[in-house]
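Protein chains: 2
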Amino acid sequence: MSSDLLHRVEEIAAARNVACRGILVGSAARNTWLSGDRDIDIFIAVPEDGNLGDALEIAREIAPVHEERYAEHAYVHARIDGFDVDLVPCYDVRDPSKIKSAVDRTPFHSRYVSERIRGLEDEVLLLKQFMKGVGVYGSDLRTGGFSGYLAELLVIRYGSFLRVLEGASSWRPGTRINLAPGANIMAPLVVIDPVDPKRNVAAALTLDRMFQFVAAARCFLRSPDISFFFPLEAHTMSPDEIRAEIERRGTEFILLEIDAPDMVDDVLYPQMRKAEASIKNLLEREGFQVLRSDVDLVRGEDVRARLLFELSIWELPSVRIHIGPPVWEADHVSRFVKGHTSPLSGPYIDNGRLVVEIPRRYRKAVDLLEGEVHKISLGKHLSSGRIRTLSKREILEGVDESLAEFLTAYLNKRVRVC
Amino acid sequence: MSSDLLHRVEEIAAARNVACRGILVGSAARNTWLSGDRDIDIFIAVPEDGNLGDALEIAREIAPVHEERYAEHAYVHARIDGFDVDLVPCYDVRDPSKIKSAVDRTPFHSRYVSERIRGLEDEVLLLKQFMKGVGVYGSDLRTGGFSGYLAELLVIRYGSFLRVLEGASSWRPGTRINLAPGANIMAPLVVIDPVDPKRNVAAALTLDRMFQFVAAARCFLRSPDISFFFPLEAHTMSPDEIRAEIERRGTEFILLEIDAPDMVDDVLYPQMRKAEASIKNLLEREGFQVLRSDVDLVRGEDVRARLLFELSIWELPSVRIHIGPPVWEADHVSRFVKGHTSPLSGPYIDNGRLVVEIPRRYRKAVDLLEGEVHKISLGKHLSSGRIRTLSKREILEGVDESLAEFLTAYLNKRVRVC
Chain A
705 MSSDLLHRVE EIAAARNVAC RGILVGSAAR NTWLSGDRDI DIFIAVPEDG NLGDALEIAR
765 EIAPVHEERY AEHAYVHARI DGFDVDLVPC YDVRDPSKIK SAVDRTPFHS RYVSERIRGL
825 EDEVLLLKQF MKGVGVYGSD LRTGGFSGYL AELLVIRYGS FLRVLEGASS WRPGTRINLA
885 PGANIMAPLV VIDPVDPKRN VAAALTLDRM FQFVAAARCF LRSPDISFFF PLEAHTMSPD
945 EIRAEIERRG TEFILLEIDA PDMVDDVLYP QMRKAEASIK NLLEREGFQV LRSDVDLVRG
1005 EDVRARLLFE LSIWELPSVR IHIGPPVWEA DHVSRFVKGH TSPLSGPYID NGRLVVEIPR
1065 RYRKAVDLLE GEVHKISLGK HLSSGRIRTL SKREILEGVD ESLAEFLTAY LNKRVRVC
Chain B
705 MSSDLLHRVE EIAAARNVAC RGILVGSAAR NTWLSGDRDI DIFIAVPEDG NLGDALEIAR
765 EIAPVHEERY AEHAYVHARI DGFDVDLVPC YDVRDPSKIK SAVDRTPFHS RYVSERIRGL
825 EDEVLLLKQF MKGVGVYGSD LRTGGFSGYL AELLVIRYGS FLRVLEGASS WRPGTRINLA
885 PGANIMAPLV VIDPVDPKRN VAAALTLDRM FQFVAAARCF LRSPDISFFF PLEAHTMSPD
945 EIRAEIERRG TEFILLEIDA PDMVDDVLYP QMRKAEASIK NLLEREGFQV LRSDVDLVRG
1005 EDVRARLLFE LSIWELPSVR IHIGPPVWEA DHVSRFVKGH TSPLSGPYID NGRLVVEIPR
1065 RYRKAVDLLE GEVHKISLGK HLSSGRIRTL SKREILEGVD ESLAEFLTAY LNKRVRVC
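Going down the list, the sequences are from chains A and B.
Here the first sequence stands for residues 705 to 1122, numbered as in our numbering.
Here the second sequence stands for residues 705 to 1122, numbered as in our numbering.
Bound conformation, chain A alone (with noise of 0.2 Å):
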């Protein structure tokens, strides 16, 4: 299949008098599937001087059904034969280091790889297979997780997927892996790109995910079971379950639903987090106290983008303590005084400071945000979308099968760890 997919782009390419060549990179490429993957990514590599749009024309006619996709330039997207096919077109770069586009350093990837896991393509297998199970395998934003070219190096690096476990277990954050000297770069782990000694492989791999892998890589290592390659499907609760749930833990929740544009994943997933940051950080500035939160992503006939707030303190009573300057700042201290002059107690002196207790704008988180969070910057594309806040009354009473998957989600976070 692959091949016959080479030929065609040689075939075109020669027919059109375009010096372009075909490279399948990738999983397919040597040998390193998880099963169930029908992907077949083939990159159409135009001269360095080339025109791009070259290579995208050979895709098109490669696929003539097809769908246009863009990362930083178009590709072609398309279902060839039961296999989901992806025509990339990118530069031909001499040294890896001097790529034009983020794609043009794919290709020295696959060679850098195929000339070394020959015989290791199982332990590969079994690595981003445990990967995928412990909820750890995928580079991209949401996922924060470890990337299928990562994975290979770790293999190559260690020898074999077992001592990558047994590797992972001591590591700590800011290991360094090294297939190659590089840059001194700080992220929680670091593998230095052995085809781009200032890139860090895992530079998408968050410390948590890190940590989520390493706790699992020591279970399994204690003991050892299938469960960790193929965990159970979680059980969706149901609205009864989700509403017990709640009850029992005693908390506020406070879901925002904001309208969202169509874009991917990775540019939406990014600024949910900037948003839920920026929410917590208002609610705990005004006295609130956040447990714990979470985001998703609803696609359906529009994009909606979930931040869901659990509360620990959601009322406050009307009085709060609001602090001043130092008394020895004299015109601080008048201009303060000038500003607050019936307050319900003070001013009085707390610790070198004027402190007075006024009354409180807001006294239920809800209020606040409904009033509020229309002022916050939400990041690019949320800050425009109209923004819906459920109470947990409301949040109960529209519990759908896509809430009800977050919920379970939320409510069940657990990590595999012993």
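Because the hints were derived from the structure by calculation, they are not lab data.
These numbers come from a predicted model, not from an experiment.
Identical copies look the same in the list; a pair holds intra-copy or inter-copy alike.
Below, in silico cross-link-like pairs of lysine to any residue (SDA-like), each with a Cα-Cα straight-line distance of 25 Å or less:
#, residue 1, residue 2
1, Lys-1096, Arg-1067
2, Lys-836, Ala-908
3, Lys-978, Lys-1096
4, Lys-836, Glu-825
5, Lys-1068, Ser-1046
6, Lys-1117, Ile-1027
7, Lys-836, Asn-1116
8, Lys-802, Asp-844
9, Lys-836, Ser-1038
Given the structure of chain A, go ahead and fit chain B onto it with the hints provided.
Chain B in isolation, oriented as in the chain A frame:
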């Protein structure tokens, strides 16, 4: 009156053939009495190798009807011709840096001031009355304010009442006002004792009292007014007024009443403040939030310490976050996991640490105090006392006169500042 008493000391000492001399100290010795004060302090000094008992005998003979009080040593307090007279045995030391008892320094202070205060008596009187009026006069541990000796030194240093206020206007924490070179002491205000350069005369002054004085000084200089010296008596709120004000704040109040032994304020107040801090700590460690607190001592037939806590958070949900070890500490992780086999949620990883969500032991602050306050250290003389924990309802039902005064002062807490 004073000279009569001094004469009596000499007479009795001669009759008993003991080498004692009487020394008039304090404000009576240098015409810096505040009106209303009727205190005469006479020290009865025995030779350095003498016996304080001899002096005490003389004091008893001078005032056959008296009360014996204890500071570091016993002394005689008596009411004579409408004056409150203290007759205090001390050692007649030569060098004030080599005193044998704390009171031995006083005659040196008295002499130092007497030799320099002539013509400035009215300035001292103004300053002391000002300090009294704005609530910062008294170096007892309850007040934490300015002693009479400190006020006198300030007048000597600055030259007049008004110049003291002007000087104080630019005080900052750690200000040094030295009439003599002295030790490198760290304190909110450092005034080296001219008769003992290792000693800070302002040692008892707290940061907040210091700046209460500074703030009032600035206000007075801006618009002087008799009320600084003689403030209006505060109206004690009625139980209904107290209830209304507490409702308006929307907070919870908890009052601890602890039986205390009949000790002087300077012994009990520091312990009450320590107990207050320990209890605040206990409450906040468990997730509750103290908005403000205060203590009071009620001396009636029995002595009771009152510890009042105003809470902005007094009830919490069932679930609470419990943060465990970093995941890279494998041994700690194992122990933590074994200790939390069925959490409400988790274990999961947050910021590299293992976290579980578990049931909270005390959902209400009042239950926490009833259950745990006996287990924390409340200071030597309060730990053994019976403790009553009163909720807001119980407080409001039992507002007697002393509690009304305490709550009035609490609710109207305010310093002069402009």
